[in-house]
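K.L.:
The listed protein sequences derive, respectively, from chains A, B, C and D. For reference, each letter of the first sequence is one residue, going 1 to 477 in UniProt numbering. For reference, each letter of the second sequence is one residue, going 1 to 477 in UniProt numbering. For reference, each letter of the third sequence is one residue, going 1 to 477 in UniProt numbering. For reference, each letter of the fourth sequence is one residue, going 1 to 477 in UniProt numbering.
It should be emphasised that the hints constitute simulated quantities derived from the structure, not laboratory data. Just so you know, these numbers come straight off a predicted model, no measurement behind them. Treat the hints with care, since some could be wrong.
Since the list gives no way to pick out one identical chain from another, each pair is judged satisfied if it fits inside one copy or across any two copies.
In the DSS-like style, the derived pairs of lysine-lysine whose C-alpha atoms are separated by at most 27 Å in a straight line are [what the hints assert, rightly or not]:
{"hint": "1", "residue 1": "Lys371", "residue 2": "Lys328"}
{"hint": "2", "residue 1": "Lys352", "residue 2": "Lys371"}
{"hint": "3", "residue 1": "Lys327", "residue 2": "Lys173"}
{"hint": "4", "residue 1": "Lys459", "residue 2": "Lys173"}
{"hint": "5", "residue 1": "Lys173", "residue 2": "Lys329"}
{"hint": "6", "residue 1": "Lys371", "residue 2": "Lys315"}
{"hint": "7", "residue 1": "Lys328", "residue 2": "Lys379"}
{"hint": "8", "residue 1": "Lys352", "residue 2": "Lys450"}
{"hint": "9", "residue 1": "Lys379", "residue 2": "Lys315"}
{"hint": "10", "residue 1": "Lys315", "residue 2": "Lys329"}
{"hint": "11", "residue 1": "Lys190", "residue 2": "Lys379"}
{"hint": "12", "residue 1": "Lys371", "residue 2": "Lys329"}
{"hint": "13", "residue 1": "Lys352", "residue 2": "Lys379"}
{"hint": "14", "residue 1": "Lys329", "residue 2": "Lys459"}
Residue strings, one per chain:
Number of protein chains: 4
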Amino acid sequence: MDPTAPNSGGGAAADATGPTNTTVTLPPLTLRDVPRLPSALASPSPSPVVPNPISRHPYFHPPSTFYISPGDVSLRHAFFDLASASPSPLLAYRRAGPRGDLAVDPARARAALVTCGGLCPGLNTVLRELVVGLHELYGVRDVFGVAAGYRGFYGGDEDHVRLEPAAADDWHKKGGTVLKTTRGGFDLGKIVDGIVSRGYTQVYAIGGDGTMRGAVAIFQEFKRRGLNISITGIPKTVDNDIGIIDRSFGFQTAVEIAQQAIDAAHVEAVSAVNGIGLVKLMGRSTGHIALHATLSSRDVDCCLIPEVDFCLEGKGGLFEFLYERIKKKGHAVVVVAEGAGQELIHRTDDQKREQDESGNIVFLDVGPWLKSELGRWWKREHPDELFTVKYIDPTYMIRAVPANATDNLYCTLLAHSAIHGIMAGFTGFVPGPINGTYSYIPLEDIAVAKNPVDVNDHKWAWVRSVTNQPDFLMSQA
Amino acid sequence: MDPTAPNSGGGAAADATGPTNTTVTLPPLTLRDVPRLPSALASPSPSPVVPNPISRHPYFHPPSTFYISPGDVSLRHAFFDLASASPSPLLAYRRAGPRGDLAVDPARARAALVTCGGLCPGLNTVLRELVVGLHELYGVRDVFGVAAGYRGFYGGDEDHVRLEPAAADDWHKKGGTVLKTTRGGFDLGKIVDGIVSRGYTQVYAIGGDGTMRGAVAIFQEFKRRGLNISITGIPKTVDNDIGIIDRSFGFQTAVEIAQQAIDAAHVEAVSAVNGIGLVKLMGRSTGHIALHATLSSRDVDCCLIPEVDFCLEGKGGLFEFLYERIKKKGHAVVVVAEGAGQELIHRTDDQKREQDESGNIVFLDVGPWLKSELGRWWKREHPDELFTVKYIDPTYMIRAVPANATDNLYCTLLAHSAIHGIMAGFTGFVPGPINGTYSYIPLEDIAVAKNPVDVNDHKWAWVRSVTNQPDFLMSQA
Amino acid sequence: MDPTAPNSGGGAAADATGPTNTTVTLPPLTLRDVPRLPSALASPSPSPVVPNPISRHPYFHPPSTFYISPGDVSLRHAFFDLASASPSPLLAYRRAGPRGDLAVDPARARAALVTCGGLCPGLNTVLRELVVGLHELYGVRDVFGVAAGYRGFYGGDEDHVRLEPAAADDWHKKGGTVLKTTRGGFDLGKIVDGIVSRGYTQVYAIGGDGTMRGAVAIFQEFKRRGLNISITGIPKTVDNDIGIIDRSFGFQTAVEIAQQAIDAAHVEAVSAVNGIGLVKLMGRSTGHIALHATLSSRDVDCCLIPEVDFCLEGKGGLFEFLYERIKKKGHAVVVVAEGAGQELIHRTDDQKREQDESGNIVFLDVGPWLKSELGRWWKREHPDELFTVKYIDPTYMIRAVPANATDNLYCTLLAHSAIHGIMAGFTGFVPGPINGTYSYIPLEDIAVAKNPVDVNDHKWAWVRSVTNQPDFLMSQA
Amino acid sequence: MDPTAPNSGGGAAADATGPTNTTVTLPPLTLRDVPRLPSALASPSPSPVVPNPISRHPYFHPPSTFYISPGDVSLRHAFFDLASASPSPLLAYRRAGPRGDLAVDPARARAALVTCGGLCPGLNTVLRELVVGLHELYGVRDVFGVAAGYRGFYGGDEDHVRLEPAAADDWHKKGGTVLKTTRGGFDLGKIVDGIVSRGYTQVYAIGGDGTMRGAVAIFQEFKRRGLNISITGIPKTVDNDIGIIDRSFGFQTAVEIAQQAIDAAHVEAVSAVNGIGLVKLMGRSTGHIALHATLSSRDVDCCLIPEVDFCLEGKGGLFEFLYERIKKKGHAVVVVAEGAGQELIHRTDDQKREQDESGNIVFLDVGPWLKSELGRWWKREHPDELFTVKYIDPTYMIRAVPANATDNLYCTLLAHSAIHGIMAGFTGFVPGPINGTYSYIPLEDIAVAKNPVDVNDHKWAWVRSVTNQPDFLMSQA
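Hey, can you work out the whole structure from these sequences and the hints?
P.N.:
Structure follows, in structure tokens:
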């Protein structure tokens with residue numbers, strides 16, 4: 001199946017210096033479909049079947065091609081090795097978008113929106129577009145914001161606020177979330193009871209991996225109870241650590257703002273004698289922000305991410321590398337993802353036991369630790385040389401900004417995709433772009449899909465060629 | 001092939017509310033390959049075959065998976081309608097990236113970089129990465145910038161400047177191009193003579209559609225003369241009007257900066273009695289910037305693009321729509337792409353004949369025209385009502401900014417992809433992402449590939465739902 | 001009086017290389033006082049006298065030094081030539097700030113706020129602080145915004161909107177004005193009738209020189225009718241063309257944002273062969289923005305302002321200067337204030353007669369004219385040389401931005417000064433900083449005080465040394 | 001002397017509602033002069049006397065008023081209380097600016113520029129303008145940058161770098177300092193020996209209060225040795241804690257950038273249940289940045305500065321105030337200057353003894369301490385209520401940015417003022433604006449002049465009225 005082999009047409013014909021065409025056969029394709037509401041699966045026909053109200057829009061007359069057809073799917077992988085001896089089967093998902101026929105009656109819909117966990121640029125854009133989209137695209141009148149995260153579902157009336165498009169008009173220009181957000185508080189029974197008692201028929205849960213796992217549990221509880229209530233999850237992780245989808249919202253804004261911190265660290269480093277600028281960027285399990293920020297900045301001499309081990313001292317270690325870099329250039333800039341080097345930091349017994357409210361193990365702060373270790377090492381190894389290290393932790397200045405234009409558009413398409421899917425009768429799904437095509441993915445697949453930086457990939461290779469940082473291999477031996 | 005049909009598994013089984021899998025067969029796949037240098041096609045084996053020097057990198061030891069294999073391809077389309085009665089054949093391109101074996105000896109390579117046409121955010125990042133990548137990835141020592149566009153190839157020595165990585169270090173933080181750029185001056189014979197006489201062995205041409213067509217001609221002239229000189233084109237079009245690739249560099253930066261102009265127009269409009277803010281954005285043949293800027297901003301009441309006809313006066317026309325919007329909201333904001341409404345503007349005979357230096361027909365300035373027509377109409381129809389229209393043309397403030405982080409990363413991957421392709425012996429190609437995968441596309445395919453806004457697509461539908469602007473249909477009747 | 005003369009102590013004593021002290025006598029000082037309300041001048045004592053409610057603030061206990069004393073004045077000129085043969089008499093104004101005793105009863109006060117003319121950064125901050133300050137500092141409950149400028153005073157109820165602190169909370173982060181603003185519509189009788197009939201007891205008029213002249217007329221009409229209504233003017237002129245006060249609000253924000261336009265023009269110029277970047281900045285009668293933007297930017301080769309004549313062609317003219325600069329540096333950047341060169345532009349008979357709504361003569365657009373003249377000249381004089389001129393008019397993108405931090409603070413102090421003065425019984429005044437001290441100045445003095453750029457001063461000299469632009473003297477001969 | 005007393009003209013005459021004039025007599029004025037070089041004091045006449053080369057500028061022909069005359073002085077105080085029983089004597093300083101005759105021959109001048117201490121926005125602008133101004137205004141060809149702070153004077157050749165205008169062209173767009181800066185290393189004998197041995201005839205020392213005290217010592221040592229070497233100090237303190245001058249450079253840029261941190265803290269606070277945003281801003285001995293940032297932002301609920309005591313717990317304490325604010329508004333934002341509350345923080349014996357390199361006592365980090373105390377208090381007092389505090393320390397992101405336009409202009413005028421003074425033969429002085437007029441002040445006066453926030457002044461009162469924070473009085477009892 002190798003197209004460059006002589007028999008596949010990549011040969012040396014006289015006109016071969018122009019473009020050439022070669023044809024091959026592909027493995028079979030499997031569609032990984034999302035669940036539906038019981039009512040949407042009813043036989044002989046789903047109930048209700050409602051024509052999409054967009055068709056009756058006063059101004060906009062959608063062309064026939066506007067609606068997604070039942071056969072519209074997106075491919076999980078957009079590239080292959082045709083020469084592979086054992087090609088893996090191809091996977092596809094349903095395309096997101098409006099359907100001509102709804103399985104949900106907008107007039108009876110009652111939507112609940114909830115945000116959980118930490119801030120992320122774009123949260124308010126997602127909320128705005130859910131409110132505006134539900135009202136203006138589908139005429140849903142009952143849209144509620146649930147405050148204080150999942151625990152708001154079993155909170156008082158003050159935690160359930162009716163949301164109107166007029167009030168939501170400029171939310172996308174604001175950082176944070178207009179719904180108060182919290183961590184923890186997940187109590188499945190009380191949550192589902194609360195949803196039922198307040199009459200919600202659709203739930204939009206926006207949050208991190210803990211929130212997605214919670215949404216899976218809620219979805220399964222709905223199913224167990226036989227409820228015609230739909231749920232969709234919108235993954236919120238500024239770290240971009242969720243798999244299958246192309247990227248998470250807010251990520252590009254974070255990379256953009258991280259440039260300011262790296263710039264500042266660079267300025268501090270070059271303005272000092274033997275200066276080091278150290279920037280900690282978000283990324284507990286993955287180093288995407290660190291990696292992208294490094295590639296966008298070019299001022300970084302070393303990028304440390306959770307996916308790659310490193311050692312501090314000794315031949316081939318980080319400190320020696322930095323010392324040599326300083327001798328050569330006069331300064332150095334280090335970017336470290338918050339999850340990097342966790343296993344190197346000395347942890348007290350208490351710290352070994354501790355967990356955060358979402359049940360994650362407590363991360364120790366790699367930034368001050370690295371600064372302190374570096375200072376100690378320099379004082380010991382080079383006591384007569386001046387040395388300065390400036391440490392910057394821009395976390396809260398990054399995650400609190402409004403989304404940039406790219407993320408604003410992305411959040412809009414996400415929110416609208418979620419609404420279209422819910423209205424079509426899907427449930428237990430996540431909307432998201434796969435190789436650029438907005439699609440629906442089963443919530444339970446997303447809840448377990450990781451997205452580590454592929455250190456065999458070219459992007460990491462490019463980081464390496466930009467920074468010229470070593471493998472830290474010898475010292476790992 | 002419809003996965004929702006009963007026999008394809010989308011049925012109503014008891015557990016059907018969980019994710020389901022369905023399998024189908026795909027049409028055959030055609031690889032659309034790029035040309036190669038004559039020497040790379042030599043038989044029995046290409047000459048030279050040089051191991052990739054990245055393998056000898058002092059710090060970075062690329063894993064076995066680092067190099068692109070001959071069978072690595074990317075898919076042209078990442079989504080399909082499985083239910084389609086007559087599915088179109090699938091198309092693939094070669095994946096971009098480093099190859100283990102080179103068909104070009106870096107020690108003998110002599111690269112020429114040229115930028116043509118107007119400015120675009122990211123130009124300097126592409127140039128920086130070509131210089132740095134050629135030097136640091138491949139050890140190419142002879143890299144030259146050709147000033148003044150294509151005409152620089154037959155210009156004097158002052159138009160051929162040796163470029164070094166140290167000097168290029170902060171180019172990505174600067175707007176514009178460090179090479180002087182011009183329009184026109186394309187003289188095929190003199191250009192190829194100049195390339196030959198200066199001993200260039202690889203040409204990187206960065207420019208718009210005219211520049212790409214020029215690159216095709218140069219490629220064909222190389223082939224006609226049997227020269228072992230490679231050429232690659234890097235499409236530069238802030239308008240995003242080139243097809244096949246996901247988007248053009250600088251586009252997202254442009255959308256980002258356009259927000260400032262729309263914000264200003266919005267402020268002017270809301271601060272006046274019956275105020276209209278009018279913003280002209282770049283986009284001669286396509287309205288991508290206008291569309292994306294509108295979707296990112298939300299303050300826009302009407303978005304006019306070249307792909308959609310509109311009319312000014314009469315029932316259902318633009319002016320009536322704006323008047324009603326003002327009566328309702330007190331103000332209105334209009335975004336117009338520069339290519340919109342060209343056929344409506346009165347053109348003198350001289351203007352009908354005129355062409356610009358690249359041979360394009362001269363565009364009349366839609367912004368002042370629209371402002372003037374609107375003022376005239378208001379004065380005539382509503383003489384007793386106050387009225388203000390503020391017109392903003394941010395063109396040069398947009399295209400002169402440095403690339404944002406997203407575009408900086410994109411430009412890096414583009415430039416490195418170009419280098420890897422050239423070193424592998426490809427020629428007459430364009431590097432670019434296709435559904436997220438960097439690939440090589442025949443130059444001649446790119447030179448004719450348009451990328452109009454798909455007004456049947458959801459993005460345009462979303463614009464319509466954001467702005468609630470009418471179809472302008474009645475008036476076209 | 002010369003301190004450097006031997007007898008004044010500036011001599012050559014052995015220890016004279018340390019700091020020395022010399023004492024001289026100053027001319028007498030004249031206090032230029034502002035008018036008061038008739039009730040505040042009543043004899044034997046003003047009526048009412050109300051203790052300042054700030055003294056009863058629940059949290060803040062002002063120290064005895066908090067209130068301005070009746071003798072507190074500020075000096076008009078903070079520097080002198082002691083050696084001057086005929087020193088001019090010194091002038092002083094009342095210091096602005098809270099008084100211990102009020103001449104106005106906050107409980108009966110009814111304030112009207114109006115904005116007139118074009119936008120200026122900080123307008124909304126002034127409005128916010130008037131609303132918040134009246135409520136929170138003095139407990140004034142009746143604060144109204146008058147929409148549509150002066151004509152709103154005789155408009156309908158919809159033009160008189162009650163303003164509350166809660167709604168005003170984030171106005172300072174918004175560009176423009178929350179009150180619709182208009183030009184013209186000044187009808188003295190109808191305005192004063194409107195003020196009286198709506199029961200306003202204090203008027204805050206924010207606007208340009210026309211608005212200040214209107215405020216003088218209103219003040220005099222109040223006096224003529226014997227009304228106990230006070231009026232204060234807050235000069236709004238982004239051009240900084242009002243005298244006596246240190247600078248006008250929004251000016252520094254404008255200079256800041258103008259950098260973006262100059263940067264863009266500079267990038268366009270350096271990226272072209274023989275490129276010129278041309279930026280028009282605000283400034284009809286004065287060139288302060290052009291001058292400050294030039295000094296802050298350093299990329300400017302020539303700065304043209306209304307206060308300095310120039311000529312285009314011939315020996316020593318602008319075009320020759322630019323040509324030489326291009327030959328030397330490869331490019332040039334020109335900043336032109338909108339009022340520069342008005343007498344050079346060919347004006348049709350119609351244009352000679354035209355006036356704008358505020359009665360100003362119509363300014364012709366110097367930017368496109370200069371661009372066109374320059375292009376014509378180059379084509380004639382240097383037909384075989386490439387040439388590009390890019391013209392940027394950032395006016396609406398500058399004036400619509402929110403105030404920066406410096407201007408936000410300034411607007412706050414201005415608004416609070418206005419309130420304190422009104423509450424003390426002053427009227428017909430303008431608040432403003434004089435050599436850094438906030439003071440009260442008679443409205444009629446401000447209405448005629450011009451603030452041209454002092455071309456004999458060092459700041460203009462610095463522009464000249466930064467740009468090295470010539471005197472354009474020869475050509476004026 | 002009270003102008004409002006009947007006999008001083010502020011009376012109740014019929015036309016008294018117009019502006020009035022009153023005349024008074026002022027106390028005598030004392031000129032506080034700066035030292036001069038021995039050669040400039042030589043008798044019978046200074047040697048050399050060189051005409052200012054600006055008069056021979058090829059393009060610019062300075063008017064007669066261009067040069068500062070010997071009698072030009074600026075007033076120390078621009079406001080008075082005329083009613084004061086015992087008015088203090090008036091003080092004046094020499095105006096800064098170019099003199100017609102120089103006491104220094106530019107052809108023999110050899111200038112040394114040094115930066116000491118931490119970064120501050122505008123450092124590079126000052127350096128740029130010293131280099132460009134010395135070259136272009138006066139034709140000084142020998143300008144050197146001394147690296148590594150004061151210790152560079154006795155360092156090797158690599159610490160003495162010749163500086164040229166072309167290379168300095170874009171320094172003002174860069175943060176940090178192009179000269180490596182350090183703290184400490186002050187060794188008077190070795191510094192002056194180094195200055196003499198390298199033939200420097202003028203020294204420009206840019207740094208904080210320690211640096212200014214060092215400059216006084218160097219000046220006195222020059223005097224003691226009878227050297228014709230001049231020294232000027234340019235105070236660098238982003239905190240604005242130096243007296244006499246209006247403000248220090250970089251301060252306004254710092255206030256501007258601090259807004260971003262406050263915005264982020266505000267977003268974090270409002271997005272949480274019972275959220276507090278805590279921002280630490282620079283200001284060891286003075287709270288100017290905190291105060292100005294608070295006044296510019298309006299989102300701050302409490303501003304803590306070194307000049308005002310506060311207490312944490314108990315009735316009327318900070319924590320109770322914040323709890324009440326949260327109950328009322330749902331969130332709170334606190335800005336704390338780094339020097340605030342130092343006496344409240346528990347200090348170990350080691351910490352009590354510690355000093356930094358400049359000999360200052362070590363400041364403990366008030367931010368994390370306050371965050372921790374607050375968390376402990378909440379957990380104890382309100383264990384059942386959710387609570388979040390997000391802490392932001394933007395220090396290095398603030399001080400590393402380039403100067404904004406306002407500071408760029410200011411730095412230019414400072415640098416040029418320094419050069420003009422040195423060329424006129426002055427030494428041991430500091431240039432700086434006094435009530436808006438650039439002046440020369442004896443270095444020894446500046447070295448001891450503090451600039452605390454005047455908490456009796458209106459600006460602090462405004463902070464109090466903006467934040468409504470209490471006096472913390474009860475708890476201090």
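K.L.:
Against this structure, judge whether each hint is valid.
P.N.:
Okay, the hints, checked on the actual structure:
1. Lys371 - Lys328: within (21 Å within a copy, 41 Å between copies)
2. Lys352 - Lys371: both (22 Å within a copy, 23 Å between copies)
3. Lys327 - Lys173: Intra 45 Å, inter 25 Å, cutoff 27 Å: inter-copy only.
4. Lys459 - Lys173: Between copies only: 21 Å across chains, 32 Å inside a chain, cut-off 27 Å.
5. Lys173 - Lys329: Between copies only: 20 Å across chains, 41 Å inside a chain, cut-off 27 Å.
6. Lys371 - Lys315: within (20 Å within a copy, 40 Å between copies)
7. Lys328 - Lys379: within (20 Å within a copy, 51 Å between copies)
8. Lys352 - Lys450: Only inside one copy: Lys352 and Lys450 sit 24 Å apart there, 49 Å across copies, limit 27 Å.
9. Lys379 - Lys315: within (18 Å within a copy, 47 Å between copies)
10. Lys315 - Lys329: Result: close within a single copy only, 20 Å intra versus 50 Å inter.
11. Lys190 - Lys379: between (57 Å within a copy, 26 Å between copies)
12. Lys371 - Lys329: For Lys371 and Lys329, only the intra-copy Cα distance (20 Å) is at most 27 Å; the inter-copy one is 38 Å.
13. Lys352 - Lys379: between (30 Å within a copy, 23 Å between copies)
14. Lys329 - Lys459: within (25 Å within a copy, 40 Å between copies)
Every hint, counting from the list given before, is met by this structure.
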